[in-house]
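Colleague: Chains as they are written, first to last, in the numbering used here: chain A, 1 to 250; chain B, 1 to 162.
The hints are simulated quantities; they were obtained by calculation from the structure and are not laboratory data. Be a bit skeptical, because a hint or two may be false.
[To be verified] Cut-off 30 Å, straight-line C-alpha distance, at most; resulting in silico cross-link-like pairs (DSS-like, lysine-lysine): (1) B:Lys-48 <-> B:Lys-25; (2) B:Lys-79 <-> B:Lys-143; (3) A:Lys-17 <-> A:Lys-184; (4) B:Lys-48 <-> A:Lys-129; (5) A:Lys-23 <-> B:Lys-124; (6) B:Lys-46 <-> B:Lys-110; (7) B:Lys-119 <-> A:Lys-17; (8) A:Lys-17 <-> B:Lys-110; (9) A:Lys-166 <-> A:Lys-184; (10) B:Lys-124 <-> A:Lys-167; (11) A:Lys-23 <-> A:Lys-167; (12) A:Lys-23 <-> B:Lys-110; (13) B:Lys-63 <-> A:Lys-129; (14) B:Lys-79 <-> A:Lys-167; (15) A:Lys-167 <-> A:Lys-17; (16) A:Lys-17 <-> B:Lys-48; (17) B:Lys-143 <-> B:Lys-124; (18) B:Lys-40 <-> B:Lys-143; (19) B:Lys-110 <-> A:Lys-167; (20) B:Lys-130 <-> B:Lys-110; (21) A:Lys-23 <-> A:Lys-166; (22) A:Lys-17 <-> A:Lys-86; (23) B:Lys-130 <-> A:Lys-17; (24) B:Lys-79 <-> B:Lys-130; (25) B:Lys-40 <-> A:Lys-23; (26) A:Lys-167 <-> A:Lys-227; (27) B:Lys-25 <-> A:Lys-23; (28) A:Lys-17 <-> B:Lys-162; (29) B:Lys-40 <-> B:Lys-162; (30) B:Lys-143 <-> B:Lys-119; (31) B:Lys-162 <-> B:Lys-119; (32) A:Lys-88 <-> A:Lys-166; (33) B:Lys-49 <-> A:Lys-166; (34) B:Lys-40 <-> A:Lys-17.
Take a look at the letters that make up each chain.
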Amino acid sequence: MGLPPPFFSMTAQEHMKHYGTTKEQLAAVSVKNRRNGSNNLKGHFHKEVSLEEVMSARPIVPPLSLFDCTPITDGCAAVLLTYEEKAKELTDRPLVYIRGAAQASLHSMSMNWPGEHLGDWVHLRTAAKRAYETARVGPDDIDVAETHDCFTISEIVEMEDLGFCKKGEGGPFVESGQNDFGGKIPVNTDGGLLSCGHPFGATGIRQAREMLYQLQGRAIRQVEGAKIGLTHNLSGLNVEHTILIYGREP
Amino acid sequence: MPVPGVPILEGLYPSTLDLYPFEAKEFNRIHPFYENLRQKRFTTTKCKKCGNTPFPPRVVCPKCNSDDLEWVDLPTEGKVIRFTEEVAGVPLGFESPLIHGLIDLGEGRKIISRVINCKEGQLKEGDAVKLAVFDIPAMVVEKRGGVMEERPRVFFAFEPIK
């Protein structure tokens with residue numbers, strides 16, 4: 001099968017058919033993330049886009065257009081992971097711990113999609129449930145999140161299947177600013193994949209770095225008093241999901 | 001298969017960018033899948049112990065780990081539930097329009113696969129499609145004594161039923 005765009009375009013079509021998600025709601029994700037990334041000089045793009053620009057951009061694989069897709073980007077990221085005593089030796093800054101983690105995958109997706117339709121990511125819910133259990137928190141405890149917005153539709157489904165809003169309500173959730181600053185849970189505060197670009201592998205580490213800065217209180221776009229954060233990645237053609245939950249306490 | 005738009009590769013196949021699996025029996029334990037495709041059969045493996053019939057075909061049952069598997073037929077015709085059409089910016093090695101479909105084959109089987117032999121704007125949701133098997137560049141197997149054998153290969157997609 002070709003690359004991700006056809007698959008996520010089908011996902012968007014199914015989500016729009018089953019829940020009435022609109023192109024404006026998809027565009028809202030792009031506008032928000034490009035705004036969040038506009039002063040992140042480490043990202044691919046440093047410019048905001050308006051809703052009109054996103055809605056009138058050229059199609060890539062309908063209904064996804066240019067700004068619905070993450071760019072192809074080269075990049076790298078690094079994070080230092082160590083045990084508590086060593087970390088205390090190396091830094092005076094407040095420590096950030098990985099509280100919990102989980103992963104779920106399918107063995108293939110061409111004929112084995114487990115959900116009711118392509119917008120129903122059962123394996124993401126499986127990973128999320130396990131991650132919350134290992135971290136001993138629930139979706140309402142998360143103060144800031146970095147999710148895998150490879151396409152605008154991805155972030156909308158992730159809001160639902162990570163438990164931040166009800167299934168099917170991802171579109172209105174992002175359109176009304178609930179996953180932006182001032183809303184229920186700021187997501188992709190450094191621009192996410194749509195603004196920073198997506199070097200495979202490095203993206204997960206970039207997200208970890210943003211979590212570190214958010215929980216230490218020194219992010220460029222800071223979520224006030226962030227204590228618990230969540231990062232999410234998917235890979236393959238949406239066959240695998242990995243979730244990490246970070247906190248100021250282990 | 002010429003590489004469109006890259007003159008230096010006209011008439012050549014970039015084997016280092018090979019999109020397709022090795023199908024020769026020396027390299028592939030599910031080689032019967034491709035031999036069956038040549039006979040226009042769409043098949044997969046069924047576990048004789050527990051009955052699990054996954055797709056793609058396996059060499060070990062993912063449910064009960066038995067390796068006592070047999071080959072069974074899958075439906076070769078279906079209806080398009082959803083499809084995507086990519087016209088500009090199609091990846092290297094694919095042709096425009098690049099069409100993918102979510103196809104209901106019946107018997108609880110829904111497959112995401114490419115749809116070929118279809119013009120831009122032609123496909124509609126609900127259209128009937130059937131299995132299409134096409135030739136792809138051969139792979140080369142080196143035998144004892146340095147003898148190079150060309151093994152023709154095929155792959156599958158779906159095409160509209162006229």
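Colleague: Are there hints from earlier that the structure breaks, and if so, what are their numbers?
Modeller: 2, 4, 16, 17, 22, 25, 27, 30, 32, 33, 34
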